[in-house]
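Enquirer: Sequence:
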Amino acid sequence: MRGKNGARRRRRLAGAAGVALWMAVFIMCFHPSFVHAQTSPSAPAIPGVSVSVGGSGPTSVANTVKIVLLLTALTLAPAALILMTCFTRVIVVLSFVRNALSLQTSPPNQVLVGLALFITLFVMQPTLQQANTQALQPYLRGQISQTAAIERAEAPFKVFMAKQTRAQDLELFLAYRHETLTAEMERHPEAIAMSALVPAFTLSELQTAFQIGFMIYLPFLVIDLVVSTTLMSMGMMMLPPVMISLPFKVLLFVMVNGWYLVVKSLLVGYAS
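Residue numbers for the sequence shown follow numbering that gives the first Met the number 0, beginning at 0 and rising by one.
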């Protein structure tokens with residue numbers, strides 16, 4: 000009997016303790032003092048952001064158009080670097096040299112592009128200085144308008160491109176505009192439209208680069224023919240000729256100081 004009474008008392012105490020625990024939790028959750036004490040501070044409100052170009056007027060529209068034109072010019076800057084300078088001829092010739100040596104990844108593309116960029120800056124330095132003196136500096140000092148600065152900056156580039164452009168390439172694009180290459184245009188390249196001069200200059204640069212590449216390929220082609228004939232006469236037809244001719248190509252290129260001759264031919268071509 001005593002054991003049964005003790006078990007009943009323990010169950011009653013456990014039930015009372017459970018009820019007291021739930022009441023305490025209820026009070027802590029809903030009592031105002033506990034709610035304010037445990038609630039984390041609210042995050043600061045994010046201020047509203049409004050983007051506007053300007054007021055509704057002709058000036059604001061003009062500013063918007065200028066911003067769009069500026070972004071467009073920045074997007075086309077790489078194309079201008081490639082097509083209005085000597086970069087096209089230089090990078091194509093350097094690629095021909097690597098392919099003629101049967102080297103796929105040496106020198107790497109980063110090295111060839113970097114060398115082509117610095118050669119381009121060296122060759123184009125007089126043109127860039129002239130554009131800076133005639134167009135950029137007066138515009139920064141507020142002496143000329145933006146339109147005049149663009150026209151003055153185009154002039155030295157037109158003179159440079161016209162010297163390296165073949166007449167037939169320029170006539171090709173002028174003919175589609177129902178124009179002819181006059182003696183006045185030849186004396187004053189500033190009168191030629193950029194839309195016709197730039198593609199004509201690019202065609203001439205590619206033609207010249209491929210001519211130089213052909214001359215570079217000839218000696219290495221002779222080495223390939225000699226090695227292939229020798230291997231066939233020895234019955235070693237399963238051996239790739241490139242594996243044997245590659246060391247001889249590199250040796251010949253190093254002995255004649257090939258990189259010096261290639262870069263020299265590029266510089267002389269623009270100096271003339």
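Keep in mind that the hints were calculated from the coordinates and are not lab data.
None of these values were measured; they are calculated from a predicted model.
Be a bit skeptical, because a hint or two may be false.
[Stated by the list, open to error] With a cut-off of at most 25 Å between alpha-carbon atoms, the simulated SDA-like pairs for lysine to any residue come out as follows: (1) 162 to 193; (2) 263 to 110; (3) 248 to 201; (4) 263 to 205; (5) 248 to 94; (6) 65 to 145; (7) 162 to 203; (8) 263 to 65; (9) 248 to 217; (10) 162 to 233; (11) 65 to 179; (12) 162 to 201; (13) 65 to 75; (14) 248 to 270; (15) 263 to 96; (16) 162 to 173; (17) 65 to 134; (18) 263 to 173; (19) 65 to 162; (20) 263 to 72; (21) 162 to 192; (22) 263 to 75; (23) 263 to 222; (24) 162 to 217; (25) 248 to 237; (26) 263 to 145; (27) 65 to 76; (28) 263 to 111; (29) 162 to 179; (30) 162 to 108; (31) 263 to 203.
Enquirer: None of the hints should be skipped; say for each whether it holds.
Expert: Structure-based check of each hint:
1. Our distance criterion of 25 Å between C-alpha atoms is met by residue 162 and residue 193, whose separation comes to about 14 Å.
2. Taking the CA atoms of residue 263 and residue 110, the gap is about 18 Å. The hint holds against a cut of 25 Å.
3. The hinted pair formed by residue 248 and residue 201 fails the criterion: a straight-line CA distance of about 31 Å is larger than 25 Å.
4. Taken as a hint, the residue 263 and residue 205 pair is honoured in the structure, with Cα atoms around 18 Å apart against an allowance of 25 Å.
5. Our distance criterion of 25 Å between C-alpha atoms is met by residue 248 and residue 94, whose separation comes to about 16 Å.
6. For the suggested pair residue 65 and residue 145, the alpha carbons sit about 11 Å apart, so the restraint of at most 25 Å is met.
7. Note on residue 162 and residue 203: the hinted pairing holds, with a Cα-Cα distance of about 10 Å set against a maximum of 25 Å.
8. Taken as a hint, the residue 263 and residue 65 pair is broken in the structure, with Cα atoms around 43 Å apart against an allowance of 25 Å.
9. Only pairs whose Cα atoms come within 25 Å are accepted, and residue 248 paired with residue 217 is accepted, the gap being roughly 11 Å.
10. Pair hint residue 162 plus residue 233 does not hold up; C-alpha atoms about 53 Å apart against a cutoff of 25 Å.
11. Of the supplied pair hints, the one linking residue 65 and residue 179 is violated, its CA atoms being roughly 34 Å apart against a limit of 25 Å.
12. A hinted pair counts as satisfied when its Cα atoms are at most 25 Å apart, and residue 162 with residue 201 qualifies at roughly 12 Å.
13. With a C-alpha separation of about 15 Å, the suggested pair residue 65 and residue 75 falls inside the 25 Å cut-off, and the hint holds.
14. Our distance criterion of 25 Å between C-alpha atoms is broken by residue 248 and residue 270, whose separation comes to about 29 Å.
15. A hinted pair counts as satisfied when its Cα atoms are at most 25 Å apart, and residue 263 with residue 96 qualifies at roughly 14 Å.
16. Simply put, residue 162 and residue 173 have alpha-carbon atoms about 17 Å apart, close enough for the 25 Å limit, and the pair holds.
17. Only pairs whose Cα atoms come within 25 Å are accepted, and residue 65 paired with residue 134 is accepted, the gap being roughly 19 Å.
18. Simply put, residue 263 and residue 173 have alpha-carbon atoms about 33 Å apart, too far for the 25 Å limit, and the pair is violated.
19. Taking the CA atoms of residue 65 and residue 162, the gap is about 33 Å. The hint is violated against a cut of 25 Å.
20. Proposed proximity of residue 263 and residue 72 is contradicted: the alpha carbons are some 33 Å apart, above 25 Å.
21. Taken as a hint, the residue 162 and residue 192 pair is honoured in the structure, with Cα atoms around 15 Å apart against an allowance of 25 Å.
22. As the CA atoms of residue 263 and residue 75 are separated by approximately 30 Å, the hinted pair breaks the 25 Å bound.
23. Distance restraint check for residue 263 and residue 222: the Cα-Cα separation of roughly 24 Å lies within the 25 Å cut-off, and the hinted pair is therefore satisfied.
24. As the CA atoms of residue 162 and residue 217 are separated by approximately 28 Å, the hinted pair breaks the 25 Å bound.
25. For the proposed pair residue 248 and residue 237, the alpha carbon gap of about 21 Å is at most 25 Å, so the pair holds.
26. A C-alpha spacing of about 38 Å is found between residue 263 and residue 145, which places the hinted pair above 25 Å, so the restraint is violated.
27. As the CA atoms of residue 65 and residue 76 are separated by approximately 16 Å, the hinted pair is consistent with the 25 Å bound.
28. Note on residue 263 and residue 111: the hinted pairing holds, with a Cα-Cα distance of about 16 Å set against a maximum of 25 Å.
29. This hinted pair checks out: residue 162 and residue 179 have alpha carbons roughly 18 Å apart, not beyond 25 Å.
30. Simply put, residue 162 and residue 108 have alpha-carbon atoms about 29 Å apart, too far for the 25 Å limit, and the pair is violated.
31. For the proposed pair residue 263 and residue 203, the alpha carbon gap of about 19 Å is at most 25 Å, so the pair holds.
The earlier numbered hints that this structure contradicts are 3, 8, 10, 11, 14, 18, 19, 20, 22, 24, 26 and 30.
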